Amino acid sequence: DAGVIQSPRHEVTEMGQEVTLRCKPISGHDYLFWYRQTMMRGLELLIYFNNNVPIDDSGMPEDRFSAKMPNASFSTLKIQPSEPRDSAVYFCASSSRDRVPEAFFGQGTRLTVV
Amino acid sequence: ELKVEQNPLFLSMQEGKNYTIYCNYSTTSDRLYWYRQDPGKSLESLFVLLSNGAVKQEGRLMASLDTKARLSTLHITAAVHDLSATYFCAVSLDFGNEKLTFGTGTRLTIIP
Chain A
1 DAGVIQSPRH
11 EVTEMGQEVT
21 LRCKPISGHD
31 YLFWYRQTMM
41 RGLELLIYFN
51 NNVPIDDSGM
61 PEDRFSAKMP
71 NASFSTLKIQ
81 PSEPRDSAVY
91 FCASSSRDRV
101 PEAFFGQGTR
111 LTVV
Chain B
1 ELKVEQNPLF
11 LSMQEGKNYT
21 IYCNYSTTSD
31 RLYWYRQDPG
41 KSLESLFVLL
51 SNGAVKQEGR
61 LMASLDTKAR
71 LSTLHITAAV
81 HDLSATYFCA
91 VSLDFGNEKL
101 TFGTGTRLTI
111 IP
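Chains as they are written, first to last, in the numbering used here: chain A, 1 to 114; chain B, 1 to 112.
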């Protein structure tokens with residue numbers, strides 16, 4: 001398996017623009033997580049899905065952030081409009097209830113909002 | 001609210017020495033994970049600890065879990081430069097759902 005795949009790896013955008021981050025989880029995994037990593041706040045969970053259904057979005061910082069999972073193999077995290085304080089590395093991870101209880105992380109998307 | 005604390009935050013040690021990183025958490029859990037992160041890279045799973053008294057070893061790294069004390073340790077034996085990285089512990093409260101709360105991380109630098 002290729003692991004969790006995220007795109008793009010790097011994104012530079014201007015303040016006010018819409019940004020969409022993409023994630024393909026490991027095939028067969030039924031949980032998908034979006035995390036954000038910053039120097040100030042460390043690694044924090046934004047939202048997670050179970051069987052494509054959002055379960056907990058309490059970590060989503062503002063209404064500017066939204067996430068979807070239209071099918072088992074694809075998820076998006078959208079920021080609209082983006083702000084400089086959104087600059088961070090965004091990680092997607094997936095896990096399976098029926099396999100080894102372990103979350104596998106993608107390579108991350110480094111977002112810079114100028 | 002679950003809180004996960006690691007110490008130290010920074011650790012600089014010489015090659016060949018031994019040291020321990022500590023991870024304390026605030027809520028009862030028997031699911032603890034250790035990850036490694038190299039600069040600019042993703043998180044690599046090192047250990048999965050799923051019960052009180054669990055001990056796992058891989059090379060120069062050994063992790064243990066004491067659920068009663070809500071404490072996990074990551075012990076480094078005879079450190080080598082390749083172990084330089086940031087190490088995170090993370091705790092999950094929900095069975096079958098690896099929703100993780102991470103510690104602050106320990107940045108380890110091994111000096112030749």
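Certain hints may be false.
Taking lysine-lysine and the BS3-like style, the derived pairs with C-alpha atoms no more than 30 Å apart in a straight line are [to be verified]:
| hint | chain 1 | residue 1 | chain 2 | residue 2 |
| --- | --- | --- | --- | --- |
| 1 | A | K68 | B | K17 |
| 2 | B | K68 | A | K78 |
| 3 | B | K3 | B | K56 |
| 4 | A | K24 | B | K41 |
| 5 | B | K17 | A | K78 |
| 6 | A | K24 | A | K78 |
| 7 | A | K68 | B | K3 |
| 8 | B | K56 | B | K68 |
| 9 | A | K24 | A | K68 |
| 10 | B | K56 | B | K17 |
| 11 | B | K56 | B | K41 |
What the hints contain is simulated information worked out from the structure, not anything from laboratory work.
These numbers were taken from a predicted model, which means no experiment stands behind them.
Does K56(B) pair with K41(B) here, judged by a C-alpha cut-off of 30 Å?
-> Judged against 30 Å, a Cα distance of about 24 Å means the pair holds.
Has the given pair, K17(B) with K78(A), been kept, meaning a C-alpha gap of at most 30 Å?
-> violated (46 Å)
Is the Cα-Cα distance between K24(A) and K78(A) 30 Å or less?
-> Holds. K24(A) to K78(A) sits at ~15 Å (cutoff 30 Å).
Is K68(B) within 30 Å of K78(A), Cα to Cα?
-> Judged against 30 Å, a Cα distance of about 41 Å means the pair is violated.
Taken at face value, is the distance from the CA of K3(B) to the CA of K68(A) at most 30 Å?
-> holds (28 Å)
Does the structure keep K56(B) and K17(B) at a Cα separation of 30 Å or less?
-> holds (20 Å)
30 Å limit on alpha-carbon distance, applied to hinted pair K3(B) and K56(B) = The given pair, whose Cα atoms are some 23 Å apart, holds under the 30 Å limit.
Is K56(B) close enough to K68(B), meaning Cα to Cα at most 30 Å?
-> This hinted pair holds, its Cα atoms lying about 18 Å apart.
Can the restraint linking K68(A) and K17(B) be considered satisfied, given a maximum Cα separation of 30 Å?
-> violated (47 Å)
30 Å Cα cutoff - pair K24(A), K41(B) = Holds, at roughly 18 Å.
Is the Cα-Cα distance between K24(A) and K68(A) 30 Å or less?
-> With Cα atoms ~12 Å apart, K24(A) and K68(A) stay inside 30 Å; holds.
The earlier numbered hints that this structure contradicts are 1, 2 and 5.
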